[in-house]
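J.: This is what each chain is made of:
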Amino acid sequence: MSSRPAAEIQLTIDGRPISVPVGTTIFDAARVNGIPIPTLCHQQNENPVGVCRVCVVDIGQRVYAASCIRQCESGMTVKTATDQVHAARNTLVELLMSDHPAPCARQQQSGDCELERLAGAAGIKESRFPHRTTPRGKDDSSAVIAVDHEACILCDRCIRGCDDIRDNWVLARRGKGYQAGIAFDNNLPMSESSCVSCGECMVSCPTGALTNKRVVGTQLGEGDVLDPSELLGLPIFQKKRHFKAGEIVCREGEFGSTAFYILEGQAEVFLASPIAHVKTEGSSKGFFSKLQSLLAPREGDRRSEESDRPFIPIDASVDLPYDSPIAELNPGDMFGEMTCMSYYPRSATVRARTDCVMLEMLRNVLDILQRNKTFRAQLERNYRARALDSHLRSVPVFKSLTQDFIDHLRDRVELLRFNPGQVICRQGDPADSFYLVRIGFVKVSEQRPGGELVLAYLARGGYFGEIALLSGSPRSATCTALDHVEVVRIVGEDFQLMLDRFPEVRQKLEAIAQERIKENLRHTVQTQNVPVDQFLAQGLMEAQSLLVLDLEKCTRCDQCVRACADAHEGVSRLVREGLRFDKYLVATSCRQCRDPLCMVGCPVGSIRRRNTLEVIIEDWCIGCGLCATNCPYGNINLHPFPAELDDPSHPGQTIAGVRVKATSCDLCHDHAEPSCVYACPHDAAHRVNPPEFFAGMLAQPAPRTDGS
Amino acid sequence: MIDELRSIQHQFGYLPADRLQELAAKIQDPLSQIHAVASFYPHFHLAPPAQVEVRVCADMSCHLRGAPALKHGLEQAFGAGGAEKVAVRNVSCLGRCDQAPALSINDQIYTNIDEQRTLGLVRDVLAGRELPAAQSSHKPLPVLSDPYNGSPNYSAVRQFVQTPDWSGVVATLKAAGLRGMGGAGFPTGSKWEIVRNAPGKEKYIVCNADESEPGTIKDRFIMENVPYLVIEGMIMAGLVTGARRGILYIRHEYHRPKEILQAEIDRCYRDGLLGPRILGSDLEFDLEIFVSPGGYICGEESALLEAIEGKRAEPRNKPPFPGTNGLWNQPTAINNVETFTFATVILSRGADWFKSQGTNGASGMKFVGISGDVNRPGVYEVPMGTKYSALIFEYAGGIPGGRQLLAYAPSGPSSGYLPASMADLPLDWNAVAAAGSMVGSGAIVVCAEGRCMLDMALNAVRFYRNESCGKCVPCRVGSQKLVEMLSGWTEGRSSTSDLPLLDELSHALKLTSICGLGQVVPVPILSVLKHFRAVVDDHRNHRRCAAGVCFSARGTA
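One line per chain: the protein sequences are A and B, in this order. Residue numbers for the first sequence, in this note's numbering: 72 to 779. Residue numbers for the second sequence, in this note's numbering: 3 to 559.
Note that these hints are calculated values from the structure, not bench results. Among the hints, erroneous ones may be present.
Said to hold, decoys possible - Residues from chain B shown here face chain A by an in silico Cβ test under 10 Å; the list is partial: (1) 106; (2) 107; (3) 110; (4) 279; (5) 315; (6) 350; (7) 481; (8) 493; (9) 506.
As the list claims (entries may be wrong) - For lysine-lysine, the following DSS-like pairs were computed, each having C-alpha atoms within a straight-line distance of at most 25 Å: (10) A:150 x B:512; (11) A:150 x B:320; (12) B:313 x B:260; (13) B:141 x B:260.
Predicted model, so just to flag it, every value in this text is computed and none were measured. Even glycine gets a Cβ: it sits at the ideal position worked out from N, Cα and C.
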C-alpha cells in the first residue's frame, strides 16, 4: 500500500511552469493543463506513433517535436502555438486536404471527419496543392464496412486498433512512399480477408476511409424499437443475449467492457450493496482496546453537510431514488454506456424482471451506433421522453421545476458528446449555455498564477456554466471532458426563462455560485501564501491535511500505526513511511488532496468532498475499489463486511457472502483528535494543514549578513 | 523474415501469394505483417516479373551521363507489345556513379553502358543465353592511409587484447576529432562512450554500408580495397563498448564488396580475431553481414535497424537514439564504413597523425567520390581542407570538352548545388556549413555549363520522392507535391502562388519530417532558387530552358 508518486519533472509550456511525472508526453502534459494540441494520428487508447506530425511543437531544437510521442524533459521550453508552428501544421493539413475527397463519407454521415474539421478550423477551404491524379480506389466488398482509400490519411489508427487493441492483425500498411496505403492481409478485398468485421478500424478512423455502410438510411416509426444488429449487420453483433426472469444481467462493482440494449422484456436496476457508510466507534475500555468499524445508515448517523440528493446517479438512462434505489428499464433503453466507453466498474445491478432479450455490445459497436443518426435519434428520444425528468429532478436545485417547464425543455435541450480531452467551455469565453452532465466525467479547472487548479470533477448529475450565466460575465473556469462525456445543454435563453419563472431555483443557484466562488478564493489565498517550489516538487501542495511525523522525536515505535489499525478493525489506514521533507516524514495516509483523483470515475458518485475539505465516501458506495486504485498515494482501503448476496445458481435466492466498501482516513472525526496523533507517546505525530504548517519554515528569509 | 522472403523469391523469381501464406503459418507471423514488409522493399516482387527487367539508374550522375536518352531509346525498342517480355523502368542510384550510366538487367549491373550494348544483352536473355559476368576480376588499389600497406595484422585489436583500455581508445578518437563520415558528423569517440556507458544486457555494433545517396561511392571503394580496416574498426568498437555482436549492413547491389568482406571475415575467424575468445583472451565478438532488401531509406540509421529486425524500414521517432535504444532496443553503435576505417587508422597511427593530415586549416582525411561532368570520375582519398576546385580540376581531371564549371553538389542531392563561384571552398565541415551546404558523405557531383539547374533540382527532389518511406505526412505527400510543382515548371505550368507555397512547404518539410530524408527534400530546389534564380525565372516566366533540356518529352528522366 505504499505506492509512491512517480518523480516529477518541471518544464515550461507556452510560458507556464508545469510539473508532470517522468515519462509524460508533451501532448499529455499540455492537455492536462488545458493547452489543447491538435492531432490526427493520436488517440488516447492507442500507443502514439507520431506519423501525422500535426501535433508538432517547438522545443527550441533544429526541428519540431511530435508532442504525442516526445516525452517531457526537465527544463524543456515548449511552444505549442507560435505562428511558425501554426504555419507548419496548416501546411500538413493542406497537404492532406489536397488528396482528400471532401466532404468524405464520414463528413457526410456524421459531420465529424477530423481532417475536415481541422481544415475548417484553419480556414483551409481549397488546397493550393494539386489533387492526386493516380486513383487509390475503394473496396466495397465488405457487407458492413465501406473502404475508401482516397480518404485515407495513413494515420495508422485502424492498424493499431486492429492489431494492438483487438489483436486481430488483419490490417497493415502496404507499399512505400506516396503509393503506400492500408491493406487487409496480403492486400485482399476486405470480404475475402481474415477480417472478422469487429468494427474497431471503423471506430478508430478519423476520416471517411472506413465507415459503416448502413449508418445512414434506416427510418423508424414512432415507438419502434430499433434492432441495431440488423442495422449494422456486424457478425460479431449477432449474439443476442436471452435472460430468464430473475436472472442477473450484470452486477455493480464488476469491471466490464460492454453496454446492453434492451430489445424485449423488462429489467430492474438497483443497488445490492447496503446503503450505509463505514463508521468507527470507540468502545468504553479506552483507546487501546478495540475500536469497531460498523456500517451506519444515514438515518442512524446523520453527518454534517449531508448531501440532500434525492437520487443516486447510475450508468443508465434513469437515476435511482435514494430511499428506494430501484428503477425499471424497458425495450429501447440502454445501460452500461460508461462501463463500455471508459471501462468503469458497473454502477448498479440489473436483473431481468421478465424474460428479456438484450444486445450486449463492445465499445466499437457502441461507438458506431452512437455515430448513427437513426440510433442516436432513438436514444435521444428515449432520454427526452423518459429520463430528462428524473435527471433534472435529481439535481437538488431543480427539484421545484414544474412539469410544464420540463416539458418545455424536453425538445429544446441539446444532447452533445465530447471525446476525452475535448474542451467543453473555456475560461474567459463568453457564456451562452448551462450544462448538465449525463455520462462521463468533466474536469472543472481554473488557470491561476503557478498553474492549474482543479476545482471539481463532475459526474452524472453534476452541472456547470451557471456562474457566468448568473453574473453575465465570461466563463470563470475551463471544463474539459475527462473521458467519453455526454452533456445536456440548456441554452442561455431557456436558462434565463427558468430563473425568471422559478425564483427558488435562482436563489439556490446563486447561493451555490457564491459558495463556489468563495471556495475558489480560499484556494487562491492558500496557493499564493506559500513559497512552494520544494513543496510542489513532492506533490505535498496537493494535500490539504497531512499526517506528519517529526523524525527527531519519532522512535519508530509504530504506536500510531497500531492505534489506527485498532481504530479501524485491524486494518491500518496509515503506513509509517512516505516522503521526507526536512525533518518530517509525511506518512502515507489520506491527504485530502487539492486535486482528488480518487473522485474520478466513481460509478455512483459516492466519493466527494465536504466543505471542511474532508474527503468522504457516501453510504451508497458499491465497493468497486476504483477510488483505491486511483489514489496515487495508496491511501484508500477496502473493508469487507458480511452481506446477503444473490445466489448465482438460484436466481431469486440469496446466500451469505462478503461485500466491501471503501474507506479513507476519516481523521477519526468522532474523537477529539485522530487516534494516531493521540496514541503517539513522543508527541511526534501531528495532523497539519501543510501550507500553514510548512509556511513558517519555508518562508524563513535567508540569513542576513548585516547581523540585524 | 527477410531471409525467408529472399529465399522464396530466389526460388520463384517473385513472392507468390500462397507462399506468403505458408510462410505466415511457418513463422507464426500475421500475413498482413509479412505483406507489409514484402511490399515495402524494392528488391521483392509480389507479381511475376517480366522475362527481362531492365532498370536504368535515374539519378544525378547517370542523369548527367545520358541515362534519360538511354532509357528513352530502350523504351522505343521494347515499347509496344514487348512489355510482358521486356520491362524498362527507372531505378534509384545503383552506386556506380563513377561508371555512369549504369543499369541492371535481371539484377545484374552493367556500367558505362550504351543503348547498343544493352539491346544486345537483352536479346541474349530473350534467346536464352546466359548474361555475361558484369565485372572483371578484382585487384586492390593502394590506399594511402592504410597503416598496413595491404598486409593487415590487426595491431589495434592485438594491442587492446594485451591492455584493454577502453577509455584510452575513446580518448584517442576524441583527440583525433573523428566524426561520422556518413553525413551527420557526430563525434565517433562520444558515440562509443555513450554505448559503453548505456545499460543493456546485449549491445550491438552496426556498420552502415548501405550507401545509396546519388554520388556516394566511397564506401564501395573502401570495402573493395581495405576491407580489413572496416572489420578491425568494428571489432574495436565491440571491444570498447562491450558489444558482442556486429552486423555489417550492406546494400544488395554491392555483390562484390560483400564477397570481399565475407572472405576477410572468414579469415578473421580462422585467425582468432573474431569469435568467442579473441586471440586467446576472454573477449568475444561475432560479425556477420546483412544484405539490405533495398531502398535509400535503409541508410537512415533507425530505419536500418528496423530492416534488420525484419520490419518495414521506417525511421523511428527520436529520441531515444540508437546509442541507448538501438537494435532490439539495446544500446547500439552505428557507424559508417569510412568511420570504422578511420577509427582503425587512428588507433594504429595515432591521433596526431590523423590531425596533421589536413590542409588549409582543416584536419583529417576523407574519401570523396567525384562524378558527373568530370574526366576521371572516381573515389579519391584527400586531406580535409582541400579545395573543391582542386578536387574537380586536379584529382578528377577537370571537365570533359574543356567546358566551364557551372555548379557542384558537395554531397549529392542532400547538400544542394553550389555555383562555380564557390568552387574554392575547402573540404571543411564548418566552412561548407557556413556556405549553406554540407560536406556530408563527400559525394561530389559536378555539373558543367550547358546543364539545366532546374532539371537537376527536379532530378534530386524526385529521388527523395521515390525513396520516401511514406511513414510521415510531410515527406510522403509533400515530396510528391513538390515534384509536381517543379515538373510543372519544366513543362510550362506555373502559377504566381507557387513560390510562396514552396516556402511554406519547405518550412513544413524541414521542421516536421521524422527523419533527415524528409527534412532535406526541398534543399536542392532551394539551393537552385538561391544561386540560379534566373534559370528558374526563365522557365516560369518565359517557358525557356537555355540548356534545351526542359519542355520536351524526353528531357527528364
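J.: Against this structure, judge whether each hint is valid.
T.: Okay, the hints, checked on the actual structure:
Here the hint on residue 106 (chain B) is broken, as its CB sits about 19 Å from the closest CB of chain A, past 10 Å. The beta carbon of residue 107 (chain B) is not positioned within 10 Å of any beta carbon in chain A (closest approach about 23 Å), and the interface hint is therefore violated. Interface hint status for residue 110 (chain B): violated, as the beta-carbon distance to the closest one in chain A is roughly 24 Å, over 10 Å. At about 41 Å, the closest approach between the beta carbon of residue 279 (chain B) and any beta carbon in chain A exceeds 10 Å, and the interface hint on this residue is violated.
A distance limit of 10 Å between C-beta atoms decides the matter here; for residue 315 (chain B) the minimum to chain A is near 9 Å, and the interface restraint holds. Taking 10 Å as the C-beta cut-off, the interface hint given for residue 350 (chain B) is violated, the closest approach to chain A being about 35 Å. With 10 Å as the threshold, the beta carbon of residue 481 (chain B) comes within range of chain A, its nearest partner Cβ sitting at about 7 Å, so the hint holds. Annotation: interface hint on residue 493 (chain B) violated; nearest CB of chain A at approximately 13 Å, more than 10 Å.
Given hint, residue 506 (chain B) at the interface with chain A, holds; its Cβ is 5 Å from that chain's nearest Cβ, closer than 10 Å. Proposed proximity of residue 150 (chain A) and residue 512 (chain B) is supported: the alpha carbons are some 17 Å apart, at most 25 Å. For the given pair, residue 150 (chain A) sits about 19 Å from residue 320 (chain B) by alpha-carbon distance, which is consistent with the 25 Å threshold. A C-alpha spacing of about 22 Å is found between residue 313 (chain B) and residue 260 (chain B), which places the hinted pair at or below 25 Å, so the restraint holds.
Proposed proximity of residue 141 (chain B) and residue 260 (chain B) is supported: the alpha carbons are some 15 Å apart, at most 25 Å.
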